[in-house]
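Chemist: What follows is the residue order along each chain.
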Amino acid sequence: MSVGSLQGLLKQGMPTGRRVLPFTIRPMHRLSIKTQRKRQILDITDPVEALLRQHHAAAVGVCHLLVLHTTAALTTADLDPGTDLDMLDAFESMIPKLNYRHPHDPGHVPDHILSALIGTSVSLLADRGSLILGTWQRVILVELDGPRTREIAFGFAVTV
Amino acid sequence: MSVGSLQGLLKQGMPTGRRVLPFTIRPMHRLSIKTQRKRQILDITDPVEALLRQHHAAAVGVCHLLVLHTTAALTTADLDPGTDLDMLDAFESMIPKLNYRHPHDPGHVPDHILSALIGTSVSLLADRGSLILGTWQRVILVELDGPRTREIAFGFAVTV
Amino acid sequence: MSVGSLQGLLKQGMPTGRRVLPFTIRPMHRLSIKTQRKRQILDITDPVEALLRQHHAAAVGVCHLLVLHTTAALTTADLDPGTDLDMLDAFESMIPKLNYRHPHDPGHVPDHILSALIGTSVSLLADRGSLILGTWQRVILVELDGPRTREIAFGFAVTV
Chain A
1 MSVGSLQGLL KQGMPTGRRV LPFTIRPMHR LSIKTQRKRQ ILDITDPVEA LLRQHHAAAV
61 GVCHLLVLHT TAALTTADLD PGTDLDMLDA FESMIPKLNY RHPHDPGHVP DHILSALIGT
121 SVSLLADRGS LILGTWQRVI LVELDGPRTR EIAFGFAVTV
Chain B
1 MSVGSLQGLL KQGMPTGRRV LPFTIRPMHR LSIKTQRKRQ ILDITDPVEA LLRQHHAAAV
61 GVCHLLVLHT TAALTTADLD PGTDLDMLDA FESMIPKLNY RHPHDPGHVP DHILSALIGT
121 SVSLLADRGS LILGTWQRVI LVELDGPRTR EIAFGFAVTV
Chain C
1 MSVGSLQGLL KQGMPTGRRV LPFTIRPMHR LSIKTQRKRQ ILDITDPVEA LLRQHHAAAV
61 GVCHLLVLHT TAALTTADLD PGTDLDMLDA FESMIPKLNY RHPHDPGHVP DHILSALIGT
121 SVSLLADRGS LILGTWQRVI LVELDGPRTR EIAFGFAVTV
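Protein chains in written order, with my numbering: chain A, 1 to 160; chain B, 1 to 160; chain C, 1 to 160.
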């Protein structure tokens, strides 16, 4: 979220989720990621490292990410060409087609289940502006009900 | 921790898991959650925030939760009415019915597998007493072999 | 990490993943775990606690682990005899056999999917040299494409 878009909300805090979270003094940042399709895997390694370099370029610590949604997930993965679609096909096929109860749209249930199963939080180690990752390892956002703009909360704790 | 190094602490220590964990000086808290059914999804957002407000009301940081069991899990999820049962049905259906080896009760194997797969730890960002979550996002305990009392270890690290 | 900030460290730096990570001043440790089979579950609780006792024997905090690979995963689990093989059988059976696109070896796709699904990071609470775990709970490395040597990054943040 850009600083500019927040100006008008400074006095009364901004509605985020179900609560009003004032942001004036908190050292907590956000990433906004626009997705393009119903289901999609996006490599967010570069924007995470950009935020890291902007705010914690000299620090060694843990970078905590939480996607603030119930039809999206965060994890790490190989992103050889086509692997994103392979993963989405497998996820789709793994969730059984049952007679779901969900009141306003039972069609969303597989999206919710995959979000809870893959998980929405990831904790990554960071060393002076770079994430510590394997050769082929990327940080990914799994969009399960797009296209939407997804918010990811970002926090950084120093390691000792 | 060696048994020897614990001798002086044994009087006020408490048995937790396979070790004796003294609790007098550690800034680590616990949540005990009673479950009611064999399989159940419980919203633990409120007790987590109660603990947060009690001990870290003024801080910005990361709230780490770990459920100390092998037939339970932690994640975040949408909890529209019925979604909890939808999720449990899907989890049940996803785990194949194989000829499991587990010695004292092969019937527990699907519970263990779901615990390992969904995961037992979650790291949440917190801002002066409130968790930073999406509109519909709740922190959930997935009970896979209840009813039992489940222990969740809670740790809080400051972000910078 | 900017190229500039690394100049002085490049001579003694070591290649890790896709970047050169200097290791002289960073308080970040690694575990190397040798695996023996194509698919295998290894109990890494003892080596994690050994590292913990070596570097953070007096601290209370969070121990962050990230396996630096895309065909391996980290989680916690029960390890009664045979449960490791039960889990591997179930994982194998859960991933659908689809016509995958992955360019250099479609046979690897199930390994990648399980890594992303189970997850590669885990955050554990630690109290003066011991992990806080349940009675039967162990920290496990899930090898999905061994035998290999797997690198696990380790970071420790103090809780308050």
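Hints listed in this document are in silico derivations from the structure and should not be mistaken for laboratory results.
In this text the structure is predicted, and so the values were computed from the model without any measurement.
Some clues are possibly wrong.
[As the list claims (entries may be wrong)] Within a straight-line C-alpha distance of at most 30 Å, the following computed DSBU-like cross-link-like pairs (lysine-lysine) qualify:
no.: 1; chain 1: A; residue 1: K97; chain 2: B; residue 2: K38
no.: 2; chain 1: B; residue 1: K97; chain 2: B; residue 2: K38
no.: 3; chain 1: B; residue 1: K97; chain 2: C; residue 2: K97
no.: 4; chain 1: B; residue 1: K34; chain 2: A; residue 2: K34
no.: 5; chain 1: C; residue 1: K97; chain 2: A; residue 2: K38
no.: 6; chain 1: A; residue 1: K97; chain 2: A; residue 2: K38
no.: 7; chain 1: C; residue 1: K97; chain 2: C; residue 2: K34
no.: 8; chain 1: C; residue 1: K38; chain 2: C; residue 2: K97
no.: 9; chain 1: C; residue 1: K34; chain 2: A; residue 2: K97
no.: 10; chain 1: B; residue 1: K97; chain 2: B; residue 2: K34
no.: 11; chain 1: A; residue 1: K34; chain 2: A; residue 2: K97
no.: 12; chain 1: B; residue 1: K97; chain 2: C; residue 2: K38
Chemist: Each hint needs a verdict: does it hold in this structure or not?
Modeler: Hint by hint, here is what the structure shows:
no. : hint          : verdict
1   : A:K97 x B:K38 : holds (23 Å)
2   : B:K97 x B:K38 : holds (18 Å)
3   : B:K97 x C:K97 : holds (18 Å)
4   : B:K34 x A:K34 : violated (40 Å)
5   : C:K97 x A:K38 : holds (23 Å)
6   : A:K97 x A:K38 : holds (18 Å)
7   : C:K97 x C:K34 : holds (28 Å)
8   : C:K38 x C:K97 : holds (18 Å)
9   : C:K34 x A:K97 : violated (40 Å)
10  : B:K97 x B:K34 : holds (28 Å)
11  : A:K34 x A:K97 : holds (28 Å)
12  : B:K97 x C:K38 : holds (23 Å)
Hint compliance for this structure: hints 4 and 9 are broken, all remaining hints hold.
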